[in-house]
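*Asks:* The primary structure of each chain is shown beneath.
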Amino acid sequence: GEDVEQSLFLSVREGDSSVINCTYTDSSSTYLYWYKQEPGAGLQLLTYIFSNMDMKQDQRLTVLLNKKDKHLSLRIADTQTGDSAIYFCAESDDSNYQLIWGAGTKLIIKP
Amino acid sequence: DTAVSQTPKYLVTQMGNDKSIKCEQNLGHDTMYWYKQDSKKFLKIMFSYNNKELIINETVPNRFSPKSPDKAHLNLHINSLELGDSAVYFCASSQRWEYNEQFFGPGTRLTVL
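Chains as they are written, first to last, in this note's numbering: chain A, 7 to 117; chain B, 810 to 922.
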């Protein structure tokens with residue numbers, strides 16, 4: 007079945023760039039998503055990328071998609087303490103429109 | 810204005826009890842979801858309703874019963890609570906079934922003693 011994998015933790019220094027990686031198995035997904043979960047809160051959609059795109063940039067966020075390798079990454083430039091959160095990668099299962107979720111990557115910011 | 814709200818935020822109860830969690834969205838969305846997030850933060854879809862009809866019912870014990878009285882509400886009733894039911898339960902909604910931009914509620918932390 008479909009699967010989405012992410013590392014569980016990433017630690018970066020404040021001001022550096024963070025790169026969170028994700029691999030997925032369903033090559034037919036139309037969209038891939040990044041959701042952010044701050045401590046004690048629900049998830050919120052951060053950004054998404056259409057499967058026919060290689061890159062999408064939105065202010066400090068850059069999403070890169072390598073369809074051949076089924077690899078998705080989220081780069082956060084100039085990481086701030088407010089970026090501390092868990093970042094979930096998700097792909098859409100186009101057969102039933104269900105989201106297939108990764109386990110989430112906890113981003114830890116060091117001063 | 811709260812888009813997706815859940816009550817209660819915290820729920821502490823004894824094993825064997827029956828409890829309900831309520832969810833309401835004021836976004837005018839057609840589709841609503843219940844997710845369970847365990848202590849390791851793994852997120853698992855439990856149910857999905859579209860226009861008050863059940864469309865996803867994952868492998869969830871039948872002690873869990875969702876109810877959607879109208880499009881804006883999706884409640885979750887749990888019978889005979891067990892220790893393993895302790896988790897954070899999230900309600901979410903999306904504009905339509907085909908749209909995966911989901912809006913999440915703040916979560917209900919359920920602790921079963």
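By construction, these hints were calculated from the structure, which means they are not laboratory data.
All figures in this text were calculated on a predicted structure; none of them were measured in a lab.
The C-beta atom is built at its ideal place from N, Cα and C for all residues, glycine as well.
Heads up, some of the hints might be wrong.
Stated by the list, open to error - Computed footprint of chain B on chain A, listed as stretches where at least three residues anywhere in the stretch have a Cβ under 8 Å from a Cβ of chain B: (1) 50 to 57; (2) 86 to 96; (3) 100 to 106.
*Asks:* Work down the list of hints and note, for each, if the structure agrees.
*Replies:* Evaluation of the provided hints:
1. 50 to 57: holds (count 3)
2. 86 to 96: holds (count 3)
3. 100 to 106: With 4 residues closer than 8 Å to chain B, the stretch 100 to 106 of chain A meets the three-residue bar; holds.
This entry satisfies every hint, going by the numbered hints stated previously.
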